[in-house]
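Colleague: Let's have the full structure, built from the sequences with the hints guiding it.
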Amino acid sequence: MKPAPVVEEDLHAFVDGALDAARRKEVQDHLDRDPDAATAVTRLIAQRQLLRSAFSPIVDEPVPERLQLKTLLAQRREPPTWQWRLAAAVLIALGVGSVGGWQVRDRWEPSSGIAALAGEARSSYLAYAADAPEDLDRERLLRLVSDKLQRPVEIPDLSAAGYRFAGGRLVATVHGPAGMFFYDRTDGTRMAVMLRPMAVEKEAPMMAQTTGAVGGYSWAMRGLGYSVVGTESPTTLHPVADEVRRQARESASI
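Each residue of the sequence shown is one higher than the one before, counting from 3 in the working numbering.
Heads up, a few of these hints could be off.
Under the rule of at most 25 Å between Cα atoms (straight-line distance), these lysine to any residue pairs were calculated in the SDA-like manner [said to hold, decoys possible]:
#1 K204 - R248
#2 K4 - A24
#3 K4 - V29
#4 K27 - A40
#5 K204 - A250
#6 K27 - A6
#7 K4 - P37
#8 K204 - G217
#9 K27 - V17
#10 K27 - R45
#11 K4 - R25
#12 K27 - A39
#13 K204 - D159
#14 K204 - S148
#15 K204 - G121
#16 K204 - H240
Pair by pair, the computed Cβ-Cβ distance ranges are [as the list claims (entries may be wrong)]:
#17 R45 - P154: 23 to 33 Å
#18 R142 - A201: 23 to 33 Å
#19 E156 - A20: 37 to 47 Å
#20 D36 - A201: 32 to 42 Å
#21 A215 - D36: 55 to 65 Å
#22 L46 - R166: 37 to 47 Å
#23 V9 - Q249: 49 to 59 Å
#24 P207 - R145: 26 to 36 Å
No lab work stands behind these hints: they were computed from the structure. Don't be surprised by glycine CBs; every beta carbon is placed ideally from N, CA and C.
Modeller: Below, the structure written as structure tokens:
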């Protein structure tokens, strides 16, 4: 009996190891005969390895409760009042003319640069601040973060500001891996410093951001984005951000 034609889904399943032995042999025979298909599989394998490398520190972590199936299903059963509010907002925007409509469109488009960095720092803080940081010594953590960010980084010393370094971890963002370092005060308050490479706005002044109970300051310098984030007041976090920026400038000038 003639084997079924090999399609793109078979190539993905081949790379993922999801084919049974018989079908895997058929796909392998096809790759041996078709150089273009073999090249496509090579690219898929490279992409898979790149993704695993980027997210290996978090791939084995438990799924947060807010993203578990039971939570998502419960949210779907709730009356979708937000949809009506969204529809009303669209109608209002359209009613005020093309300028207003484009302003709303701009607000809904994915953010980039410092705005994206600030949002990612806030999301990562909310996801990980309550957890114990990864059990890595300082040097191993620095090597890990520097390797993933493909540049040397330093862990800021904030002891003079009353913060003790509590550990850190790699976090995944829409714009690639980032390093997040956590600091504790004697009263148990925790803040964080997040670093990641910047594809746009490689040089940007410090910007304040506050959403709900979480706020802080973000900026970019020499292609690296910095975000100081926590639940403390802006007046408390501002001098901390200034100190992080000062140390980063000193490190860059060495």
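Colleague: Take the hints in turn and mark each one as holding or not.
Modeller: Hint by hint, here is what the structure shows:
1. Proposed proximity of K204 and R248 is supported: the alpha carbons are some 17 Å apart, at most 25 Å.
2. Only pairs whose Cα atoms come within 25 Å are accepted, and K4 paired with A24 is accepted, the gap being roughly 13 Å.
3. Among the hinted pairs, K4 with V29 is consistent with the structure: their alpha-carbon atoms are about 13 Å apart, no more than 25 Å.
4. Our distance criterion of 25 Å between C-alpha atoms is met by K27 and A40, whose separation comes to about 14 Å.
5. Proposed proximity of K204 and A250 is supported: the alpha carbons are some 14 Å apart, at most 25 Å.
6. Taking the CA atoms of K27 and A6, the gap is about 12 Å. The hint holds against a cut of 25 Å.
7. At most 25 Å may separate the alpha-carbon atoms for a hinted pair to count; K4 and P37 meet this at roughly 21 Å.
8. Of the pairs offered as hints, the one joining K204 and G217 holds, with about 22 Å between alpha carbons and a cut-off of 25 Å not exceeded.
9. With a CA separation close to 13 Å, the supplied pair K27 and V17 stays within the 25 Å bound.
10. Between the alpha carbons of K27 and R45 the distance comes to roughly 20 Å, so the proposed pair stays at or under 25 Å and holds.
11. Under the criterion of a C-alpha separation no larger than 25 Å, the hint pairing K4 with R25 is consistent with the structure, at around 12 Å.
12. Proximity of K27 to A39 is assessed by CA-CA distance (about 15 Å); at most 25 Å being required, the pair is judged to hold.
13. Proximity of K204 to D159 is assessed by CA-CA distance (about 24 Å); at most 25 Å being required, the pair is judged to hold.
14. A threshold of 25 Å between alpha carbons decides the hint, and for K204 with S148 the separation of about 18 Å falls inside it, so the pair holds.
15. For the hint pairing K204 with G121, the CA-to-CA distance comes to about 17 Å; that is within 25 Å, so the pair holds.
16. At most 25 Å may separate the alpha-carbon atoms for a hinted pair to count; K204 and H240 meet this at roughly 21 Å.
17. Restraint check, R45 to P154: a C-beta distance of roughly 30 Å satisfies the suggested window 23 to 33 Å.
18. For R142 paired with A201, a C-beta distance near 27 Å keeps the hint of 23 to 33 Å intact.
19. Evaluation of the 37 to 47 Å hint for E156 and A20 yields a pass: the beta carbon distance comes to about 43 Å.
20. Judged by the Cβ atoms, the range 32 to 42 Å given for D36 and A201 holds: they are separated by roughly 36 Å.
21. Against the hinted window of 55 to 65 Å, the Cβ-Cβ separation of A215 and D36 comes to about 56 Å, which satisfies the hint.
22. With their beta carbons about 45 Å apart, L46 and R166 fall inside the hinted range of 37 to 47 Å.
23. Range check, V9 to Q249: about 54 Å between beta-carbon atoms, so the 49 to 59 Å window is met.
24. The hinted window of 26 to 36 Å between P207 and R145 holds, with their beta carbons roughly 31 Å apart.
The structure fails none of the hints (numbered hints given earlier).
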